[in-house]
Amino acid sequence: MDNLFGIHAAALKLRANRAELLAANIANADTPNFKARDIDFKQTLKLAAGKSGEMVTTNARHINSAGTSKMGAEIMYRTPTQPSLDGNTVDLQTERSAFLENSMMYQASLRFLNGRISGLMTAIRGEI
Amino acid sequence: MSLLNVFDIAGSAMSAQTVRMNVTASNMANMDAVSSSTGETYRARHPVFETVYSDFMRDDSISNGVRVAGIIESQAPLREEYRPEHPKADENGYIFYPNVNSIEEMTNMISASRTYQNNVEIINASKQMLLRTLSIGQ
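Chains A and B, in that order, are what the protein sequence lines are.
Take 0 as the starting number for the first sequence in numbering that gives the first Met the number 0 and just add one per residue.
Take 0 as the starting number for the second sequence in numbering that gives the first Met the number 0 and just add one per residue.
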């Protein structure tokens, strides 16, 4: 059953986490010394899907090469495009468009999942 | 559910920006409140924001909201004016105006309301995402 939904289940979870991260960036748009953060989605999804080109662990005592955060992703700081006097690196336009893109992709994943589910339902019912 | 955390984060930002709007309104309202000594004159106030770092050991949230760490009073010099006929003039005939800079306050107000709007839109977008998720498979 796990393979049924493919990569979309993992993608959905990551998209939701990224939405939270971006919302925090936007919330802290006026906080002095706040540094905007984001994840490398492609790399993180690769890790989450287990098809990583990275080092793999073959023993329980090996140390994972992936980031150690709760997200299973390496949270990185954004490179500021316009430095500001108060040390804040949030660029509201960048964050807004990233959030929009992220929520679009989230809905795309939902659409794929819905298609998969309705296909299954048709198969189960045996009707056309 | 990390999408539910978005509501907390954006909500914290909205309440912080509301404080900023309140302080700005108070500054604007007291702009012409003159007095007869430097001690009792109103001084412009500004909120200082800080990030709320969640407890990583206990909480499963990865990100952080914002709160008002405190409100500071502007140290800019007060504006004094020679008005001997004014009922609040001191013995030398001077009255003191608050150090509120109206242009600074206006830009603060615009910035606060824009950030507030941004957070409202984030909440709306997250709500859409959650509702779509709830209706999955239907």
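Honestly, the hints are just simulated from the structure, not real lab data.
Fair warning: there could be bad hints in the mix.
Distance condition first, Cα-Cα at most 30 Å in a straight line; then the derived DSSO-like pairs of lysine-lysine [as the list claims (entries may be wrong)]:
hint	chain 1	residue 1	chain 2	residue 2
1	A	Lys34	A	Lys12
2	A	Lys12	B	Lys126
3	B	Lys126	A	Lys34
4	A	Lys41	B	Lys126
5	A	Lys12	A	Lys41
6	A	Lys45	B	Lys126
7	A	Lys45	A	Lys12
8	A	Lys45	A	Lys34
Verification of the hints:
no.: 1; hint: A:Lys34 to A:Lys12; result: holds (24 Å)
no.: 2; hint: A:Lys12 to B:Lys126; result: holds (16 Å)
no.: 3; hint: B:Lys126 to A:Lys34; result: holds (26 Å)
no.: 4; hint: A:Lys41 to B:Lys126; result: holds (25 Å)
no.: 5; hint: A:Lys12 to A:Lys41; result: holds (13 Å)
no.: 6; hint: A:Lys45 to B:Lys126; result: holds (28 Å)
no.: 7; hint: A:Lys45 to A:Lys12; result: holds (13 Å)
no.: 8; hint: A:Lys45 to A:Lys34; result: holds (26 Å)
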